[in-house]
Every structure is written in C-alpha cells, then in structure tokens.
Amino acid sequence: MIKIHNLHKSFDEKVVLRGVDLDVFDGERLVIIGRSGCGKSVLLKHILNLMQPDKGYILVDNIAIRKVGQKDLFFLRKQFGFLFQGAALFDSMSVAENVALPLVEHTDLSPAEIERKVAEKLELVGLPGTQDLRPAELSGGMKKRIGLARAIVMDPKYVLYDEPTTGLDPIMAASIDKLIIDLSNQLKLTSIVVTHDMQSVEKVATRVVMLHVGKIIFNGDVQALHQSDNAVVNQFVSGSIEGPIQPKPVKY
Amino acid sequence: MSEYHLLLPEQLTLSNVAEEYALLRQDIRKARNGDTIILDCGRLHLLDSAGVAMLDQFNSLCQQRELRLIEEHCSADIGKIKELFHFSAPTSKKHAPRPSFFERLGQRGYALLGHLSEGLFLISNIFYWAIVSFFNKRLRRQGEVIRQSLQIGLNALPIIGLIAFLIGFILALQSAVQLRQFGANIYVADLVAVAMVSEMGPLITAIMVAGRSGSSIAAEIATMKVSEELDALQVMGIDPLPYLMVPKFYALLLTLPLLTVLANVIGILGGMIIGVTYLNIEIIPFYHEVISVLRYKDIMIFLVKSITFSAIILFTAAYFGLKAEGGAEGVGRVTTSAVVASIFWVIVADSILGLIFYFVEPVF
Ligand SMILES: Nc1ncnc2c1ncn2[C@@H]1O[C@H](COP(=O)(O)OP(=O)(O)OP(=O)(O)O)[C@@H](O)[C@H]1O
Ligand SMILES: [Mg+2]
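Protein chains in written order, with our numbering: chain A, 21 to 272; chain B, 791 to 1154.
Some clues are possibly wrong.
[Said to hold, decoys possible] Facing chain B, a subset of chain A residues (Cβ under 8 angstroms, in silico):
hint : residue
1    : L68
2    : Q72
3    : F100
4    : F102
5    : P122
6    : E125
Honestly, the hints are just simulated from the structure, not real lab data.
Quick caveat: nothing in here was measured; it's all calculated off a predicted structure.
We treat Cβ as the ideally placed atom computed from N, Cα and C, and that holds for glycine.
Extracted from the complex, chain B is given alone in its bound form (with noise of 0.2 angstroms):
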C-alpha cells in the first residue's frame, strides 16, 4: 500500500479544471486499491463552482477504484466554498409515465397505418408503372421480362413437377381408402381435380415460387439498397420502379399462371396413377370424368387466384427489399420477412378468394 501525495494550484477556476484534472488522473494512474491519496489544499485559495465540481469528480473517480481520499490543510474559506457548491444526487427520481394501455394501442396501430400507406403507395406506384412501360416502349427493357421469366419460371419447373404430382398422389391415396368402402371409385377423379385446380394447384405453386422468386427479388432489391445501387439508379435519372420492379412484375404475371397449369396436369397426374393401380379406374374414363367435372368456374378461380397470387408475391418482395436498411444483416432480414410474409399474404387472399368464390358464380 502507498501513499500519494498531490498538491493543488493555488487557484482552481472554469479555466484549468480540465488541465488540472487530466493532471490529477495522471498522476493516480498507478494507483491500486486501497492506496492512499492526499490532496493538499495549503496553496489554494481561490476555487469555484467549477473547480468543486471537479473536486467530487475526482472523489467518484477514487471511490470507484477504491482508493483512499484524504484532504489536508483546506483553509476555511475553502471549506465554505466546498460546502456551498457541492453537488448532492437528487435523491428522488422521476420515473416517466409508462405509457398506458391505450397510448400503446394508439401507437401500434398509427405505426400500423403508416406501414399500410406505405405499401399501398408502393403498389399504386407498381400499377401505374406497369401501364404506362406497357404502352411506352422507352420505358421498356430490351428482353429484361423474358429473361426474369426464365429465372422464375424454368428453373422452378421440376420442383413444383415433383411437389404437385406428390399432392395430387397423396391426395388421391387417402381419399380411396374412404371411397372405395362405398363402392365409389370414380369420384376419386372429380375429388383430385377440383382439388388441384381450385385450391392445392395455385396455393402450392404459389408458396413454392414465394419461396424461391420473391425471396431472391427481396435479397436482390434489399442488396441493391444497402449497396447504394439505387442511389446510384436515381442519380441517372432512372426510376428503380419501372426499371427493376416492373420486368420482374410482367414476369411473375406470366409464369405463375403457367407454372399453375403444369401443377394442375400433374397433380391430376399423379392422381391418377392411384386410381389407375388401386381403385381399377381404366385411363379413359378417369380422363373423361376429370373433363366432365371441371366447369368454367373452376378455371376462372384458378386464374384469379393464380394472378392474385404472383401480384402479392412481387409486393411483398418489393416492399421488404425497399426497406433494407443496414448491411448483410439487414439484406438477410428484409428476406425472411418478405417471404413469411408473402406466404402469409397468399393464404389470406386464398381463403378470401375461395369465400368469395363459394358465393358469388363469375359473370364473365
């Protein structure tokens, strides 16, 4: 244990608190717990509220290494100074109100609000961009929606192949077991059908391609914000809407539909294949019962839905990628969220769809 022995200047001001004190924190640099510190107080005699401020600073400053202070030969006049000027932690605190229930509310859903301008903003943007590059050919990119359509749409083919003619099996399988104890095989075909065209076909297609196509537009899009792209985009007077946005919205309006009907055929497929080896249903009748049971309406639900579909998957992506913010981090979070939320999206308006569908017949 050592001692250190410092003496103050004669006079501690506004002026050289903060020299003095870089001095004193140097010179009790090496100090370690439980040392001794001694201030001689002899030569001051001119100190004020500054240099008291700074006093109880290099005290905390002790207390919190655990050294020992000891002030020695403080005048009077001093003490007094020390006395007037010390500073005493408010002993009672007020805490902010915690915002009430309501208050948390109100904030959600103004938050809640603004998201949903917001996107609205963003979707009328994409619409009207979308006429008018369709009639604008300056507007237009030189091959950009064939391209994109090829990226979405060719290289998802097997995948939504396999998954499709899975369903359409699966579908088909458990359904027989319960049809064949009343004797009513055929329905198995209706069943499949219907199933597929209305409901399993635009929904697996469009969880798959929200999957692949609207993760990869939101890691593009996100990438392309945090990298300054768009920025750099803007600058040249190029709009990233109709530029990037659109091509990949003409794109997934194209391939959807399409990549629908190749789970549709597959599906059916697929169920086929059960009714053929396990419930003894010859191909030509199978097919001719598949025929007779698809009406118009079914088609038109599956067209609907599929081109609802592929415009809430390209929202999405777009939405989430023009909000990234931050790096990779941020690109990596933007794409979660666009692709649960896009799944989510795609459910709801399918339900939506089909309610609406359950009631109304289509006019056109």
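Same shape as in the complex, but just chain A (with noise of 0.2 angstroms):
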C-alpha cells in the first residue's frame, strides 16, 4: 500500500503540488486524471523519490521513501515498475538489451532464459521479434510500448504507467489497457495509470482520483465520476470548452 501525505512542491516560484493526500490499496488500479501540466508525472516521480517533496511524506507499504538509505531505496524501487512519459529508453542499447537491462543487473538467470523472458514480453506488448532494433528505428508508441515491456519485465509488486497509450491507435491503446487490467489480474499487481484517454479511464479503472490546481479534486469510482456535481470533473470528463476551467494559457 502507498499511502501519500499532504505533499508539497514547488518549482521556484511555481507552485506545482498543494497537498495531495491519496492512498493506494493494494491490487487496485487507480487512475489519476487532471490537466496538462497539472502535476502528474510529478506526483509519480515523488511516490519513487525522483523528486523530493518541500512538505509531506510518502510511505511505501509503511516505510517512509525519503528515510530510507541508498541501499533499501533500491531494494524498495525494484518493486516498481515505472513507465515513463517519454519512455526513457537507453539509445545506446539495443531493444533486447534495454528490456533485458534489469535482469541482467539484479538476477542470476542464464542468457538463454533472460532471452526468453525478454521475447515474452515483447509478444506481451505486440512487438514480437524487434530485439535487434535500435530505440532511434522505433516510432514513438513502439518506444512507448518498449518501455512497458521494460517496465513489468522484473514482475513488480507496483507498476506506475505515465500516460501509456497516448500517441497509440485506437486498437493498440485497447490491448495495452486490456495487458493493463490482465497483468493486475494475473499477478495481482497495484497499478497507477495516468492518462488523459476518458475511454481508457472507463476501462482500467477501478478507482480514479483527479488533480487539479494542485490538489485532489475527485475520489471515487467511474460511475461516481460521471454523476460528479463538481463542473470541473464534469468540464474535464465531457471535454468541453464551456465551464469553469478555461483553455487559455495560464500566465505562470
């Protein structure tokens, strides 16, 4: 379980996170929605202490991130599986190697078996047979797809998916939201998927909270979300111009 506190961050002057208090159960999939640029892949990078918050504190099945030393935080982070917006796959490497990567450092498998663990995944995100190709051959939803392979490929406890099928078509974002919802199924994993899909949200989520300004705003489940009184769950879900929030850029 991870249990987030009152959590603050500021970038200088900007004022990015205003306590955000949210806890994630166990096998659950929790969606965060909420504005471009409202905080999100920040908030993930908090919850794996990539980014230090100014106030507030976040425990990961009770064990406070930021207290513990060098060597715990890694043990703590190989339970997590983190999939990056930009997908943050290693040019230097090839799509075996960059999947293979966290096998190779902290596992003892043969080559042979890191092999086929690594092909298994690459079927798993429908890229069968691109081992030999280089992250620069890939487009941008196949690095996207790469970089889950990478992210599940040690089987972790949590896996944290920033905006996975954006920049994919309609068919490939549906089977990486099912591969989604089968992996927590399977090995009854804790999910937390950002996304601006509404269609993927209604999908995968068992719970969905939305930040806005700084906050959480909304805390419930699809249905709740559709009948929210809030107009700003209401303006974000319906995706219309008209409402409180106004698409003008914010003077920061």
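Combine both chains into one complex, guided by the hints.
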C-alpha cells in the first residue's frame, strides 16, 4: 500500500502540488486524471523518490521512502515498474538489451532464460521480433510499448504508468488497456495509471482521482465520476470548452 | 466615428460583475480608436465595491484602446458609492532595497560553497564506487572499461600524435636558433626531452582528451539526464554512478597515461628531426642525451600529472553532465561549460603540480 500525505512541491516560484493526500490500496487500478501540466508526472516521480517533496511524506508498505538509506531505496525501487512518459529508453542499447537490463543487473538468470523472458514480454506488448532494433529506429508508440515491456520485466509489485496509451492508435491503445487489466488480475499487482484518455479511464479504472491545481478534487469510481456535481470534473469528463476551466494559457 | 450605447443592469455586485464585464467587453469588441462609449447608469441602483472595481477596470480598458467613455444618468447615490470605492493607484512606490555589496558578495560566496560541496560530494562518491566496484565483481560491467578505453584512446591516437609531433618540432626549432649561437647544439635534446615529458606531453594530451572525450562524456550524461534515462536507471535499482561513471573513470585512468607516453615519444622524435637536419646531431648521441637527462623524477611528474588530469576531466564532465536541465539547449550549455572548466582546472593543476615538484623531490 502506498500512502501519500500532504505532499507539497514547488519549482522556484511555481507551485505544482499543494497538499496531495492519496492512498493506493493493494491490487487496485488507480487512474489519475488531470489537465496537462497539473503535476501528474511530478506526483508519480515523488512516489519513487526521483523528486523530493518540500513538505509531506510518502509511505510505501509503511516505509517512509525519504528516510530509507541508499541501499534499501534501491531494494524498494526494485518492487516498482515505471513507464516514463517519454519512454526513456537507452539509446546506446538495442531493444533486447533495454528490456533485459534489470534482469541482467539484478538476477542470476542465464542468458538463454533472459532471452526467453524478453521475448515473452515483447510478445505481450505486441512487438515480437524487435529485439535487435535500436530505439532510434522505433516510432513513438513503439518506444512506449518497449518502455512498458521494460517496466514489467521484473514482475514488479507496483507498476506506475505515465500515459501508457497516448500516441497509440485506438486498437493498440485498447490492447494496452487490456494488458494493464490482465497484468493486474493475473499477477495481483497494483497499478497507478496517469492518462488523459477518457476511454481508457472507463476500461481500466477501479478507482479514479482527479488532480486539479495541486490538489485531489475527485476520488471515486467511474460511475461516481460521471455523476459528479463538481463543475471542473464534469467539464474534464465531457471535454467541453465551456466551464470553469478556461483553455486559455495560464500565466506562469 | 461611431457611438456605442451600453445599458448597465440594475445591480452590479460581486455575484455578477465577471459576467457583466465579459458582456461589456464583448460589446466594445468592434470599437475603434476615437469611438465613443456611452454607459447608461439609469437603471443601476445596487452597486458594491466589486462593481466599482469593474467599472474602473472598464474605464482603463477604454483608455488603453483610446475610446471615449461617457457615463450617463448617474444618480447621486451611485455617484457617492463610486467615489467611496474608487481605486486610486498608489502615488509613491517603495523599491526593494538593492542588496548591498557585502550581501551580494555573501550570496556569491554561499552559492560557490554550495557548488563546491556538491562537487566534493560527487568526487568522493565516484571514488567510493570506483574502489567498491574494483573488488565487487557484480558491480562491474563486462567489457565496459575496455570499450570505453578504445573509444577514448584509440580514436584520439592520430590527432594527439600529430599535435605532439608539431609541438616537439617547433620547440626544437625555436631553441635551435638560440643554441646554435653558443655552439650548444646538443642541448636541444635535453630541452625537448624535459619540456615534453614533464610539461608539454601531459598538458596537451589532457587538453585534447578534455576536448574530445570530456565533452562527449558530459554530453552523453546530460542527454541521459534530460531524457529521463538516469531516472529510469534509478527506478530499475541501478545507481548511475557505478554503472556509467566508474567504467569511464577507469578507462580514462588507463588511457591518458598511455596517450601521454605516446605524445612524449613522438614529441621527442619531432625534436630529433630538427636536431638531425638543422643542428647536425647524429641520432645515436641525441638518443643518449635524451636518456641521460630524463631522470626518475621527470617520469614521476608525468605519471602524477596525467593521472590527476584524467580524474579532473572525468569529474568535471560528470559534474556538469549531471547538472543539465532543459532540452537540447541545456545539453549544449553544460557540454561547453564542462570543456572550458576541465581545461581550466587541468592548467591550474598543472601549475600547482609544477610548483610542488620544483620544491619537492618525490620520495617514492
Ligand atoms: N524539473 C522541473 N523543473 C521545473 N518545473 C517543472 C519540472 N518538472 C515539472 N515542472 C513543472 O511542473 C508542472 C507539472 O508538470 P508535470 O510534468 O507533472 O505535468 P503533467 O500533469 O504530467 O502534464 P502532462 O499531462 O502534459 O504530462 C509543469 O507546469 C512544469 O512546468
Ligand atoms: Mg506528464
């Protein structure tokens, strides 16, 4: 279980998170929605201590992630898979090496076993046979899926997906949604999915939270999301121009 | 020139000013310079401070767009309320006091201290991991040191050879003219040998390697930083320092001394060509002179220098690479800074080591 308490974060003058409280329970698929630039990726990075909060704390299985030493932090992180918004593949390595990297570093599997495991995960994300390509030769959506394969190759306990379906065609997006659901059902893992895609919210989520101006303004299941009387939530869900949020650029 | 006749509603209060303001703006959207706007307050009988603020804002909007604004049928009560809440801009401004000289000095010093401690932290971290991964097989990456060494060393061979040759050649040529006047021809060998081995060889090799490999290391790390690849490594439970930096550290420690040896030899060869052709020294006496003048101290100097330089090049590249922010622009900026800083520190270290070895005989 992940417990986020009163998280504050600002970059210089710009305040991004102003007191986020969020509990993530084991086995659920939590979807985080919110406008572009509202701090969803920042929130995810805090969970893995890639960014440090100005105030507040995060507990992962009742361990304060900021307090643990370097060694335990790496151990803690091994339970996580993280799909970065930009995939963050290593340019200097081939696809197979990218996906195999955590296995090579942290397990004693033989090269043949590693190869088999890599092939299996690539199959799962719909890209079999791409082992020898370089990340530069892949399209944006393909990179994303390789990143996904890398995130789940260690069979982690928690998987954080930062916009897994953006940049994919609808069919591929649907199959990634299915993959997320299957993974969480079969392996009993806990997923946190950040997305803008309302279709995938409806399919994937067991619970939805909405982040707006640095706070959680909605917390409930998909049905409650549609019946919400919060004007901001309604506007976001229906994707209309009229409403409390104006699509004009905010002054930073 | 046209006239716009706008009728204000019966009340202007906090609850409706935003909408009303939007409506008013909408109405004067098409107005051009010099047009007249007539605000009819005839119906208005409820006004609060928010309403007055809105009217003020509308007024300044009209001024901005050079429209003439006339208010009509204003009742006395409304006029009083307007007067009461009218916003007058503050007439005097208080400037934040400029930080004094000492404040700025202190701030600079404080920032410098921060950078320094950050750098020291990084250096000690890299040293720590270098030692740990020397003994711990798991932390080592198969063949990575060799690969990096080839990349740093092999491709730099031609350019460093050429530069060293030219330096030795010119050094000998410049001094040959002077030495010949005194018949001290043979000393050109001493001069070239000592200058190359204890000064020019290590220095130019380090500068070339800083420009070639220091910049590429900094750019590589910086690119990985801005494209979140370093974050990705950390998420996988892999510490970027032992994984990325330590192999490069060992590669530099190996290759820079070797490259320096090459530079020394080729530089002395360059000097020998001048000696043989211009000063009529035979090859064998030249060789003996070189061997006799080079003592154990010179060899020591060159070793200590090139090892120090390789550490400096790696640390500056790592420091600036890890500091990168923003996209491609940030990468370019830190790469430039890394090269400039590493050449600067190489020269500073060269001077310091030169001074130390002038006074101190190495004991070991
Ligand atoms: N390293 C950083 N330095 C400064 N500001 C940052 C940094 N990272 C994020 N921000 C700011 O924090 C805000 C939130 O960024 P974040 O990437 O979390 O948005 P997001 O919700 O993920 O948006 P999107 O849906 O477009 O990915 C942005 O406005 C950005 O300007
Ligand atoms: Mg994001």
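_Please check whether A/E125 passes as an interface residue: C-beta within 8 angstroms of a C-beta belonging to chain B._
5 angstroms, holds
*Closer than 8 angstroms between Cβ atoms is the bar; does A/F100 clear it against chain B? Give me holds or violated.*
6 angstroms, holds
*Identify whether the interface hint at A/F102 stands, where standing means a beta carbon of chain B within less than 8 angstroms of its own.*
4 angstroms, holds
*asked:* Holds or violated: the hint that A/P122 contacts chain B, with Cβ atoms closer than 8 angstroms.
replied: Nearest chain B Cβ about 5 angstroms off; hint holds.
*Does the interface hint hold: is A/L68 within less than 8 angstroms of chain B, judged Cβ to Cβ?*
6 angstroms, holds
_Residue hint A/Q72, partner chain B, criterion CB-CB below 8 angstroms_ = Not OK, violated: A/Q72 not within 8 angstroms of chain B, min 13 angstroms.
Consistency with the previously given hints fails for number 2 only.
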